[in-house]
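Two independent chains are provided; combine them into the complex using the hints.
Listed here are the chains, written in short residue letters.
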Amino acid sequence: MARVLLFGPLRDLAGWRERELAAATLSELRAQLRQADPALGEALSAPSVQVALDQAIVRGDAPLGRDAEVAFLPPMSGG
Amino acid sequence: MIRLSAAPFEPGELLSAFCRDRTEVGAVASFTGLARAEEGATAVLELEAYPGFTEAEIGKIAKRARERFGLADLLVLHRVGRIAPGEAIVFVATAARHRREAFEACDFLMDYLKSRAPFWKKEHGPAGERWIDPRPQDHADVARWD
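Protein sequence lines correspond, in order, to chains A and B. Just so you know, the working numbering puts 8 at position 6 of the first sequence, and the rest follows in order with no gaps. Just so you know, the working numbering puts 112 at position 104 of the second sequence, and the rest follows in order with no gaps.
Okay, chain B solo, but in the shape it has when bound (with noise of 0.2 Å):
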């Protein structure tokens, strides 16, 4: 399942109802990003996404790792809107019959997710407001999976 939510949501109960009644899968990865602080830099996050070619595009990476990676069942909810230090901006889970899969596929997805998915984001803090570009290390890290 692939959500965008403007409300903010708790990593653990997603958790946990990912795992529910799965009696065959045997590994479920997650990955859980946070809003950093930087140290006062930043007060608020501000997530803009493109809505429908966002939730697309995001399901055709998700349809690429389900391939690759044989994937049981696999979740992506994404933030929107503003977003305070702290809490969470991104929750991926994926779920194999192995951990090997599990783990690589979440860490596919999130190298997607960090620069090839239609996300714009922008921080506020006392020095004014700036869009974030993403990093060449970004770029690095999903060019591993090519």
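Same shape as in the complex, but just chain A (with noise of 0.2 Å):
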């Protein structure tokens, strides 16, 4: 199971901030989020939003681990 985890934004969009899916690799994750909600699916594939997988940035597709957490990170704003 991936812990999926949403920032910002997303998490308003979606109504969640945290939920588990079963996916083998990122892509698959994105396709299962973008069926259970379009308009969020297409958010998190804005070039905007980065990914975190097991807390370290990533482009493109990757396999998920057992216990994989992947983060979708809108636009920073601190300070």
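Treat the hints as calculated values from the structure; they're not laboratory data. Backbone N, C-alpha and C fix where the C-beta goes; we use that ideal spot for every residue, glycine too. One or more hints might be untrue.
[Said to hold, decoys possible] To give an idea of the interface, some chain A residues facing chain B are shown, with a C-beta separation under 10 Å as derived from the structure: (1) 10; (2) 43; (3) 76.
[What the hints assert, rightly or not] Derived DEER-like restraints, expressed as beta-carbon distance ranges: (4) B:30 x A:58: 30 to 40 Å; (5) B:30 x A:40: 17 to 27 Å; (6) B:106 x A:24: 48 to 58 Å; (7) A:63 x B:74: 32 to 42 Å; (8) B:111 x A:24: 47 to 57 Å; (9) A:43 x B:138: 49 to 59 Å; (10) B:147 x A:47: 20 to 30 Å; (11) B:108 x A:23: 27 to 37 Å.
Below you can see the structure in the form of structure tokens.
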């Protein structure tokens, strides 16, 4: 199972912050999320949204290990 | 040191503690960011972080700052959670042998924190709530160091 985390405006758009999903790869996970919520699926694939897999930024597809943590990170704004 | 805090902090105390017992650094610069009321439009600012990842990413920025400016030490303290106008959101202090390095490192760290550190900021006010995107100026500021 992968633990999916949404941050910032993505969390409000989805209406949830954290969810467990069974997926072998990041693209499979994206497809599941898109199927369940097309608006969220589209937002997650925006070029400005970064993905962290087990707390490291990844680009493109990646295999998901057991207990993977996948975080979707919209544009950041601190200070 | 890099720390996230859900509780308010006192910037003056942090600065005093940071300066204590330093006999060789010569220069300490600091920056304190305060939450703005935006003339009543913002009643509360909400700051979200990704615990663990946020500290690690700031740690990478801090390592670059240490190397680039030859810092003796640095401190980054960032609030998370709900912040009232006038409260400090962020405190950065840098210690170096001479003032230029301390000033520039402080500026560098703040530019990164504004648009490259994993934080998300939401305004709550009478008109409702709104996520704040980084401004074009924030991206231009951080690009100065590339």
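The hints, checked one at a time:
1. 10: holds, 3 Å
2. 43: violated, 19 Å
3. 76: holds, 7 Å
4. B:30 x A:58: 30 to 40 Å: holds, 35 Å
5. B:30 x A:40: 17 to 27 Å: Between residue 30 of chain B and residue 40 of chain A, where Cβ atoms are some 57 Å apart, the hint is violated.
6. B:106 x A:24: 48 to 58 Å: holds, 57 Å
7. A:63 x B:74: 32 to 42 Å: Taking Cβ atoms as reference, residue 63 of chain A and residue 74 of chain B lie about 35 Å apart, which means the hint holds.
8. B:111 x A:24: 47 to 57 Å: Given about 52 Å between the Cβ atoms, the range holds.
9. A:43 x B:138: 49 to 59 Å: About 23 Å separates the Cβ atoms of residue 43 of chain A and residue 138 of chain B, which means 49 to 59 Å is violated.
10. B:147 x A:47: 20 to 30 Å: Since residue 147 of chain B and residue 47 of chain A have Cβ atoms about 21 Å apart, the given range 20 to 30 Å holds.
11. B:108 x A:23: 27 to 37 Å: violated, 51 Å
In summary, the numbered hints that this structure violates are 2, 5, 9 and 11.
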